[in-house]
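Q: Since chain A is already given, all that's left is putting chain B on it; use the hints.
What follows is each chain in one-letter form.
Number of protein chains: 2
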Amino acid sequence: MGKKNFVKAITSRDDDFAQWYTDVCRKAELMDYSDAKGFIIYRPYGYALWENMKNYLDGEFKKTGHENVYMPLVIPESLFMKEAEHVEGFAPETAIITIGGNEELQERLIIRPTSEVLFCNHYSKIIESHRDLPKKYNQWCSVVRWEKTTRPFLRGSEFLWQEGHTVHSNEQEAKKEALDILKIYENLGKEILAIPFITGLKTEKEKFAGAVDTYTIEALMHDNKALQSGTTHYLGTGFSKAFDIKFQDKDGKVKPVYQTSWGVSTRLIGAVIMVHGDDSGLVLPPRLAPVQVDIIPIMQHVEGVLEKAEEIKEKLQKLNIRVKLDETDKSPGWKFSESEMKGTPIRIELGPRDLKENKVVVVKRYNREKETISIDDIVDYIPKTLENIHQEMYNQALENVMKNTREAYDYETFKKIMNEKSGYVKMMWCGDDACETKIKEDTKATARCMPFDQTPIGEECPVCKRKAKHVVFYAKAY
Amino acid sequence: MGKKNFVKAITSRDDDFAQWYTDVCRKAELMDYSDAKGFIIYRPYGYALWENMKNYLDGEFKKTGHENVYMPLVIPESLFMKEAEHVEGFAPETAIITIGGNEELQERLIIRPTSEVLFCNHYSKIIESHRDLPKKYNQWCSVVRWEKTTRPFLRGSEFLWQEGHTVHSNEQEAKKEALDILKIYENLGKEILAIPFITGLKTEKEKFAGAVDTYTIEALMHDNKALQSGTTHYLGTGFSKAFDIKFQDKDGKVKPVYQTSWGVSTRLIGAVIMVHGDDSGLVLPPRLAPVQVDIIPIMQHVEGVLEKAEEIKEKLQKLNIRVKLDETDKSPGWKFSESEMKGTPIRIELGPRDLKENKVVVVKRYNREKETISIDDIVDYIPKTLENIHQEMYNQALENVMKNTREAYDYETFKKIMNEKSGYVKMMWCGDDACETKIKEDTKATARCMPFDQTPIGEECPVCKRKAKHVVFYAKAY
Chain A
92 MGKKNFVKAI TSRDDDFAQW YTDVCRKAEL MDYSDAKGFI IYRPYGYALW
142 ENMKNYLDGE FKKTGHENVY MPLVIPESLF MKEAEHVEGF APETAIITIG
192 GNEELQERLI IRPTSEVLFC NHYSKIIESH RDLPKKYNQW CSVVRWEKTT
242 RPFLRGSEFL WQEGHTVHSN EQEAKKEALD ILKIYENLGK EILAIPFITG
292 LKTEKEKFAG AVDTYTIEAL MHDNKALQSG TTHYLGTGFS KAFDIKFQDK
342 DGKVKPVYQT SWGVSTRLIG AVIMVHGDDS GLVLPPRLAP VQVDIIPIMQ
392 HVEGVLEKAE EIKEKLQKLN IRVKLDETDK SPGWKFSESE MKGTPIRIEL
442 GPRDLKENKV VVVKRYNREK ETISIDDIVD YIPKTLENIH QEMYNQALEN
492 VMKNTREAYD YETFKKIMNE KSGYVKMMWC GDDACETKIK EDTKATARCM
542 PFDQTPIGEE CPVCKRKAKH VVFYAKAY
Chain B
92 MGKKNFVKAI TSRDDDFAQW YTDVCRKAEL MDYSDAKGFI IYRPYGYALW
142 ENMKNYLDGE FKKTGHENVY MPLVIPESLF MKEAEHVEGF APETAIITIG
192 GNEELQERLI IRPTSEVLFC NHYSKIIESH RDLPKKYNQW CSVVRWEKTT
242 RPFLRGSEFL WQEGHTVHSN EQEAKKEALD ILKIYENLGK EILAIPFITG
292 LKTEKEKFAG AVDTYTIEAL MHDNKALQSG TTHYLGTGFS KAFDIKFQDK
342 DGKVKPVYQT SWGVSTRLIG AVIMVHGDDS GLVLPPRLAP VQVDIIPIMQ
392 HVEGVLEKAE EIKEKLQKLN IRVKLDETDK SPGWKFSESE MKGTPIRIEL
442 GPRDLKENKV VVVKRYNREK ETISIDDIVD YIPKTLENIH QEMYNQALEN
492 VMKNTREAYD YETFKKIMNE KSGYVKMMWC GDDACETKIK EDTKATARCM
542 PFDQTPIGEE CPVCKRKAKH VVFYAKAY
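Chains as they are written, first to last, in my numbering: chain A, 92 to 569; chain B, 92 to 569.
Only chain A is shown next, with the shape it has when bound in the complex (with noise of 0.2 Å):
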C-alpha cells in the first residue's frame, strides 16, 4: 500500500479499462476503500481536486447571488414521505437511523439522499411574501444512497456534492435559473475540467424524481460510454404544492412557489480521470491539477543542482504556479512515474549537464512533449505552455467527442453502431416511452439527453417508423 508499489504498472486502459480505472484511483492516491462496504475515503489528492472545483463553482453561484446553508444530514421518515413521486425516486436506497442515545427512535431518521424535502419545509416556514423571493440556496455535504454495486467516485454509498435549491416568484424566472445553473456547470468543463459536456433535456424516463425538466451535462468517457455528469432541474409547483410554500404576491393574491433544484458531484472526478487519464495513470488539465509543475532534479548530489531547482521553484511560485520540487531519495525515473502516475500537467527536469548549459527538460503530461528550454525563459514559457495546455485538452477531448457522434437514420445502423463503436448517436424518436425501452433492451444504450439544438435529421423515428418529435443523444452509460 506504501509507496513501494508505484512504478508498478497499472493496467492498460484497452485490455480492461473498468480495472484500469480503478488502478488510477488506487495508485493515484486519490481514494482508498473504507471498512464500510461502499464507503470511500477521499484521500488528499483526491479531496483537493473537489477542492478546486468547488472553489471554481463556489465562486461563481455567489457571484450570481446564491448563498449557501447548511441542511440537517437527518429527514424524519414523515417529512420524507411527503412528495409522492420523490419518494418512489428514493426510498429504496435509503439509509436509515433507527438508534439515537441507546434508546429506539419514536420516530426513523432518513440520511439525506438529496435535500429536496428538508428545503421545502424550510422554505415553506420563512417566505410570505413576494419580498422574500427569489431564495437562491445551496449546501456543500455529503449524501447517502445505498447502493448495491459501487465504483469509487462513480457510484457510492455516500458521496460528496453541492445542492442548489432555489425558491422563485414566477415560471419564467426559475425556468431560467435551471439553465443559468446548467451554463455554470458547462464552464466548469470549459474552464476547468477541459471536457467538454454535451447538454440538453432528459426524457420523461431519465429524468429526475419529482421534476417538471431535467437538463443534464453528458461527458463522453475514453470507452466512448457516456457519464452523466450533473444535472440541473425546473421543479414546477410540484413540491411547493406538496410542502404549501406560498407566497402573497404584488396583486395581493397567494400563489404556489416555483423551484428549481441542481447539483454535481464527486462523480466528476471519475470523469476527469476516464476523460484524459492513459496507461502511465492520471491526466490532469493544468487550472484543476493541484500540483502543475513537478520539478525533478537528477543527480541532486551534485553541487548546484537543488540549488538552482529550488531558485526555479521560487520563480514558478512567485508567479502563483502550484509547483512542487521533489528533493526525496527516490531515483529520477521513479519520480518521473509517480509525477506521470499523478497526472501533473509539466515536469521539469534538471541534472548537472542541463545546469551548466544554462537548461532544462520540460515535458508535458498530456500528450509526452519533450522540449529543452534556456532557464531564463521558464517564467515566460511556464505559465504560457500551461494555459496551451488546458486548451489542448480541451480540444482533444472536443475531437474525440465529434469522432464518436455519428447519426443514424435507421434502427439498423444505429444498432450497429452501438454494437461495434458506442459512441453517441443522434437519432430522430417519436417521444414515446416504448421506442426508448426497446432500444434500451435492444442495445443498452438509454436516451442521454435532447439537445438544445432540435434541428431535425428526419421525419420519423426509425424504431416505430411513426412521425419524430425530438432529435435525441443515445449513448450506453454509467
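Derived from the structure by calculation, the hints contain no laboratory data. A couple of the hints might just be wrong.
If several chains are the same, the list does not tell them apart, and a pair holds so long as it fits within one copy or across any two.
Unchecked claim - Think about it this way: if two alpha-carbon atoms lie no more than 20 Å apart in a straight line, the pair counts; the simulated DMTMM-like pairs of lysine to aspartate or glutamate are: (1) K153 <-> E179; (2) K128 <-> E195; (3) K145 <-> E158; (4) K153 <-> E142; (5) K154 <-> E142; (6) K461 <-> D369; (7) K461 <-> D471; (8) K415 <-> E158; (9) K118 <-> E219; (10) K567 <-> E297; (11) K567 <-> E295.
A: Same frame as chain A, now just chain B:
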C-alpha cells in the same frame, strides 16, 4: 417567521440570558430549528459566519502543511469498539444506522461522533516507513452526538466542525503539533473573532476520551460563564497501539506512531454571540462580519440620494469592503433595527440634507458612537475605522475577562465568588480528582484549564489543604 417580526424587541440580556441568546439566533436569522429534534438549519447568515472562520483556519492549516481529506460518515460498530476509553466516552451518544436499502444491516453503522477510529484505520494501511511521516490531515464535516438538551450552536445532535488528525514519528513533534494548532485557534480569536481565549491544559477529569493531554481555548461569555471553544489533543501512542499504526524508523526498528487530534466547531458562533452581542442583537467584529457596512438611505425617493448611496457602495467595494445598500421599501428605522440585529459593524446613513452638505452619518454598531463625516473622507475613514473596531472590540472583551478573573486563596472566598459573581477564579490545586469533584458539587464550577503560566499563587490546595501542584482556572461553564 417572516420579516414582519424583525423590529420586535428581543429579551434583554440581563433579564434572561438564555432566552436572549435564542432570540438573537432566530431574529438575526442565523439558524432555524428543523423537524428533527436537536438538528438545526444553518441559515445563510449563520453559515456565512462559519465560512469566514473556515477560510481563515483552512488557510492557516494549509500554510502549516496540513492537507484536507474526507473520511466516511459511518463507522462499522466493530471498528468503533477498538479503543476502550474512546468508546466509553462516545458510545452513549451515538446515532446508529441499522437499515440500508430496505434491508437490516449485518453490521450496524455508527454515524461518526468524531473520526479518530476512521483516521487511525486508514493510517494503519498507508504508513510503513519514516518517509511516510508526518501525515497531517484535516477534514471539514458534520458529526452527530445524541444530546438530550440542545441549544443552537452550543450543543446539538449535529454540528459542523473541522477535525485534524496527525501522525508523527516522535513524541516531541506530536506534542509540538498540539501546541502549534492551539496557537492557530488562539489567533483565530485574536485576528477574526475579537475574542481573547484563555489557554492551557485540561485536567485528567476534563480531557478528551483517549487523549494523554488535552489543551483548550476557553472564552468568557457575557453571563460570566466560560465556553470551551476548541481543543487540541496529544494522543501519545494509545490509538496507534490499538489500531496497529507502525512505521519503520531510520534505525530500522518498527515503532508505533505518535498522534494528535484537534477541532473547533460551529460552537464558535455561539461564543461570538455571547461575547459581543447586546440588547439590540448580534454585534459582529469586522473581519468576521458577512456585511461590514450597511448603507441606509433616508428619504430615498428624493433625487440624488440613491445615486450617491450607490456611488459610496462602489467606492467601498473597490477597497474590498463587504458592503450592502438597502434599497428596499422598508422605513429607515426598520432598516436600522435590522442592521443592528444582524450586528453589521458600521452603518452609514445618508439623506437629502446630508447630500446637500456632502456628509454622511456613520454609526459604529458595537458602542453606538455616531460621527458625521465628509463624503470625501469615506474611503479613508471606513477601512481605518473597521480596523479600529476590531481592536476596540477585542480590547473590550479582554477587559471583561480581566475584570472577571479573580484569585482565591481560601475555599470560602472561592465559593463566595462563584456564587455571587462567577467568572474565572484562579486557585491552586493538589491534583486530586476528589477536590475537583467537590468543587463541582459545591459550586457547579469546573476546572477550565491549567494555564501555561504556572507561577504558584499559594502553597496548598485550599480545598484539602494538601500540597498544591497546579494553578487552575475554574469557572461555571456551558
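Q: If any of the earlier hints don't hold here, list their numbers in rising order.
A: 1
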